[in-house]
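Trainee: Now for the letters of each chain:
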Amino acid sequence: MNRKTKEIFIKYIFFVFALVAIIVLAMIVFSLFREGLPIFRQVSVKDFLFGMEWYPTYDPPYFGIFPLIVGSFIVTIMATLIAVPLGVLAAIYISEIAPRVIKEILKSVIELLAGLPSVVLGFFGMVVIAPILQNVFDLPTGLNIVNASMILALMAIPTISSISEDALYAVPQEFKEASYALGATKFETIAKVILPAALSGVTTAVMLGMARAIGETMVVLMVAGGAAAIPESIFDSVRPMTASIAAEMGETPYRSLHYHALFATGMVLFFLTLTFNLIADHVSNKFKQTGSATL
Amino acid sequence: MDANIIIKLKNVNFYYGENRALTDITMNYRKNKVTALIGPSGCGKSTLLRLLNRMNDLIDGTRVEGEILYEDKNIYSPDLDPVEIRRKIGMVFQKPNPFPKTIYNNIAYGPKLNRVGSANLDELVEQSLKQAVLWDEVKDILNQSAMNLSGGQQQRLCIARALAMKPDILLMDEPTSALDPISTAKIEELVEELKKVYTIIIVTHNMQQAARISDETAFFYLGNLIEYNKTEKIFTKPDVKQTEDYITGRFG
Numbered sequence: 000m001n002r003k004t005k006e007i008f009i010k011y012i013f014f015v016f017a018l019v020a021i022i023v024l025a026m027i028v029f030s031l032f033r034e035g036l037p038i039f040r041q042v043s044v045k046d047f048l049f050g051m052e053w054y055p056t057y058d059p060p061y062f063g064i065f066p067l068i069v070g071s072f073i074v075t076i077m078a079t080l081i082a083v084p085l086g087v088l089a090a091i092y093i094s095e096i097a098p099r100v101i102k103e104i105l106k107s108v109i110e111l112l113a114g115l116p117s118v119v120l121g122f123f124g125m126v127v128i129a130p131i132l133q134n135v136f137d138l139p140t141g142l143n144i145v146n147a148s149m150i151l152a153l154m155a156i157p158t159i160s161s162i163s164e165d166a167l168y169a170v171p172q173e174f175k176e177a178s179y180a181l182g183a184t185k186f187e188t189i190a191k192v193i194l195p196a197a198l199s200g201v202t203t204a205v206m207l208g209m210a211r212a213i214g215e216t217m218v219v220l221m222v223a224g225g226a227a228a229i230p231e232s233i234f235d236s237v238r239p240m241t242a243s244i245a246a247e248m249g250e251t252p253y254r255s256l257h258y259h260a261l262f263a264t265g266m267v268l269f270f271l272t273l274t275f276n277l278i279a280d281h282v283s284n285k286f287k288q289t290g291s292a293t294l
Numbered sequence: 000m001d002a003n004i005i006i007k008l009k010n011v012n013f014y015y016g017e018n019r020a021l022t023d024i025t026m027n028y029r030k031n032k033v034t035a036l037i038g039p040s041g042c043g044k045s046t047l048l049r050l051l052n053r054m055n056d057l058i059d060g061t062r063v064e065g066e067i068l069y070e071d072k073n074i075y076s077p078d079l080d081p082v083e084i085r086r087k088i089g090m091v092f093q094k095p096n097p098f099p100k101t102i103y104n105n106i107a108y109g110p111k112l113n114r115v116g117s118a119n120l121d122e123l124v125e126q127s128l129k130q131a132v133l134w135d136e137v138k139d140i141l142n143q144s145a146m147n148l149s150g151g152q153q154q155r156l157c158i159a160r161a162l163a164m165k166p167d168i169l170l171m172d173e174p175t176s177a178l179d180p181i182s183t184a185k186i187e188e189l190v191e192e193l194k195k196v197y198t199i200i201i202v203t204h205n206m207q208q209a210a211r212i213s214d215e216t217a218f219f220y221l222g223n224l225i226e227y228n229k230t231e232k233i234f235t236k237p238d239v240k241q242t243e244d245y246i247t248g249r250f251g
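Heads up: the protein sequence lines correspond to chains A and B, in order.
The first sequence begins at 0 in numbering that gives the first Met the number 0 and counts up one residue at a time.
The second sequence begins at 0 in numbering that gives the first Met the number 0 and counts up one residue at a time.
The set of hints was computed from the structure by calculation and includes no laboratory data.
Be careful, since some hints might not be right.
To be verified - Selected chain B positions facing chain A (Cβ under 7 Å, derived; list incomplete):
| id | residue |
| --- | --- |
| 1 | Arg-86 |
| 2 | Met-90 |
| 3 | Gln-93 |
| 4 | Phe-98 |
| 5 | Pro-99 |
| 6 | Gly-109 |
| 7 | Leu-112 |
| 8 | Leu-120 |
| 9 | Arg-211 |
Claimed, not checked - Taking lysine-lysine and the DSS-like style, the derived pairs with C-alpha atoms no more than 25 Å apart in a straight line are:
| id | chain 1 | residue 1 | chain 2 | residue 2 |
| --- | --- | --- | --- | --- |
| 10 | A | Lys-185 | B | Lys-138 |
| 11 | B | Lys-194 | B | Lys-72 |
| 12 | B | Lys-7 | B | Lys-87 |
| 13 | A | Lys-191 | B | Lys-165 |
| 14 | B | Lys-195 | A | Lys-191 |
| 15 | B | Lys-165 | B | Lys-138 |
| 16 | B | Lys-9 | B | Lys-138 |
| 17 | B | Lys-30 | A | Lys-185 |
| 18 | B | Lys-94 | A | Lys-175 |
| 19 | B | Lys-194 | B | Lys-240 |
| 20 | A | Lys-175 | B | Lys-111 |
| 21 | B | Lys-32 | B | Lys-111 |
| 22 | B | Lys-87 | A | Lys-175 |
| 23 | B | Lys-30 | B | Lys-138 |
| 24 | B | Lys-87 | A | Lys-191 |
| 25 | B | Lys-165 | A | Lys-175 |
| 26 | B | Lys-165 | A | Lys-185 |
| 27 | B | Lys-194 | A | Lys-185 |
| 28 | A | Lys-191 | B | Lys-111 |
| 29 | B | Lys-138 | A | Lys-191 |
| 30 | A | Lys-185 | B | Lys-195 |
For clarity, every value in this text was computed on a predicted model and none was experimentally measured.
We put the CB at the ideal spot given by N, CA and C, even for glycine.
Given these sequences and hints, build the entire structure.
Mentor: Dropping the structure here:
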């Protein structure tokens with residue numbers, strides 16, 4: 000084989016490998032839709048998305064996933080509210096303030112946190128956080144929104160922190176020098192130059208952290224409590240979409256209505272995470288071109 | 000002390016870790032003059048410039064010995080705040096480095112830190128841009144990103160940004176090395192104008208530039224100050240052989 004055919008051969012090998020990932024993904028999406036769409040022959044899209052009752056095993060069954068959507072959103076939003084300040088501040092500390100030794104230690108600890116299996120975190124939520132919540136707030140159960148949000152936040156912090164840190168680190172040294180040369184202090188430089196310049200990256204980090212939280216299954220299955228109802232307080236139990244799919248899929252007859260409804264729930268999740276990712280992508284592209292000029 | 004002297008260096012040594020980058024530098028800078036620091040790469044001229052507004056503080060493991068007196072106070076004395084010094088001694092860098100903010104906000108950045116009343120902020124922005132001969136080019140696009148300006152415009156913006164702090168001294172670290180000849184000529188004209196109000200210390204790689212714009216020239220080699228005199232004298236009849244060899248292009 001001469002050199003040129005070898006080059007062409009190698010090129011196509013890589014092409015095939017790249018293609019495999021795309022084909023598998025396409026097949027997954029295809030089967031998701033094939034198994035999910037049939038539910039809409041029986042239940043309208045509106046009743047499915049906005050129906051308040053999720054009683055898939057009753058007779059007649061009710062397939063309204065609105066309480067599940069609310070459950071997913073509320074734990075995701077609360078987890079974000081906890082994880083964003085912690086993740087971003089940790090990133091600022093690591094990239095701009097910490098001495099080198101502390102920086103290395105912190106980075107590895109946060110990476111370790113990212114490596115913890117979600118079932119371990121869920122276990123922690125069940126046996127440590129739940130009893131504390133139950134005793135301190137005198138609740139019927141400690142498996143609730145607050146518990147799930149805290150554990151999800153723990154899972155989102157490494158994502159948010161490490162991507163934010165990359166973004167902060169990528170802010171050119173020249174900007175920092177310019178700021179110091181104008182008599183800015185370190186904190187003025189961080190707040191007014193470094194953070195605005197890294198804003199697109201930080202926003203991307205937040206979106207990816209949220210995508211991670213909304214798609215997370217094991218934790219919410221273990222600690223969210225599993226009540227498929229609209230919560231009235233942050234100490235109520237919820238049943239996020241992922242938990243519902245994971246808990247119920249094993250017990251549904253193949254291609255029953257319930258089975259199709261769970262796949263349709265998967266479709267909703269798919270669109271939600273897709274949206275988060277697209278927003279993250281859009282933000283990072285948009286600001287890459289112009290800098291955050293108007294800030 | 001001579002009233003015309005604004006900065007006085009006494010036996011200054013500077014170290015990056017164990018490496019001595021500047022050896023026993025003693026020199027005075029005169030008010031409202033342009034002083035050029037020349038010498039081959041690695042001679043310590045940029046390091047020296049960055050000592051004058053304590054920018055080297057930002058680098059870990061550096062150490063200064065000796066005294067640098069500005070208004071009769073050692074700028075390295077522990078009770079002096081480097082932030083205060085940088086407000087009086089402005090700096091323009093080698094590569095134009097506007098913030099990714101609007102033109103207006105680039106200029107307003109420093110004054111806002113000083114909490115200058117916003118009433119005269121517009122005026123200050125206009126005045127600074129006029130001083131840097133950029134006003135006519137940007138007066139209609141003050142709210143656009145500074146990143147859209149050309150390299151030469153960006154560098155004049157950086158000069159205007161430094162001037163908005165109303166400094167006494169302007170340090171320029173090879174301010175034209177990244178610019179085309181036309182932009183370079185504009186900056187050089189500007190330096191000529193600015194020395195009426197400010198004291199300018201400029202590091203340059205370009206000997207013709209030093210000859211064109213400076214009143215006094217200091218030649219550095221391997222961290223030592225070899226010769227320091229009136230520019231005319233340095234470029235016509237240098238006292239030291241090494242200076243002559245460098246000026247005439249025999250090395251460097």
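Trainee: All the hints need checking, so say for each whether the structure fits it.
Mentor: Status of the hints after comparison with the structure:
1. Arg-86: holds, 4 Å
2. Met-90: holds, 4 Å
3. Gln-93: violated, 9 Å
4. Phe-98: With a closest approach of 6 Å, the Phe-98 of chain B hint holds.
5. Pro-99: holds, 3 Å
6. Gly-109: holds, 4 Å
7. Leu-112: holds, 5 Å
8. Leu-120: Since chain A brings no Cβ nearer than about 15 Å to Leu-120 of chain B, farther than 7 Å, the hint is violated.
9. Arg-211: violated, 25 Å
10. A:Lys-185 <-> B:Lys-138: Given that 25 Å is the threshold and the Cα spacing comes to 31 Å, the pair is violated.
11. B:Lys-194 <-> B:Lys-72: holds, 23 Å
12. B:Lys-7 <-> B:Lys-87: Roughly 16 Å between the alpha carbons, so the hint for Lys-7 of chain B and Lys-87 of chain B holds.
13. A:Lys-191 <-> B:Lys-165: holds, 21 Å
14. B:Lys-195 <-> A:Lys-191: Answer violated: Lys-195 of chain B to Lys-191 of chain A is near 33 Å, above 25 Å.
15. B:Lys-165 <-> B:Lys-138: holds, 21 Å
16. B:Lys-9 <-> B:Lys-138: Violated: Lys-9 of chain B and Lys-138 of chain B sit about 45 Å apart, past 25 Å.
17. B:Lys-30 <-> A:Lys-185: violated, 30 Å
18. B:Lys-94 <-> A:Lys-175: holds, 13 Å
19. B:Lys-194 <-> B:Lys-240: Roughly 30 Å separates the two Cα atoms, so the pair is violated.
20. A:Lys-175 <-> B:Lys-111: holds, 17 Å
21. B:Lys-32 <-> B:Lys-111: With Cα atoms ~29 Å apart, Lys-32 of chain B and Lys-111 of chain B exceed 25 Å; violated.
22. B:Lys-87 <-> A:Lys-175: holds, 18 Å
23. B:Lys-30 <-> B:Lys-138: violated, 32 Å
24. B:Lys-87 <-> A:Lys-191: Distance ~21 Å between Lys-87 of chain B and Lys-191 of chain A Cα, so the pair holds.
25. B:Lys-165 <-> A:Lys-175: holds, 20 Å
26. B:Lys-165 <-> A:Lys-185: Distance of about 21 Å is within 25 Å: holds.
27. B:Lys-194 <-> A:Lys-185: Outside the cut-off at roughly 31 Å; violated.
28. A:Lys-191 <-> B:Lys-111: holds, 11 Å
29. B:Lys-138 <-> A:Lys-191: It holds: about 24 Å lies between the C-alpha atoms, which stays within 25 Å.
30. A:Lys-185 <-> B:Lys-195: violated, 33 Å
Of the numbered hints given earlier, the model fails hints 3, 8, 9, 10, 14, 16, 17, 19, 21, 23, 27, 30; all others are met.
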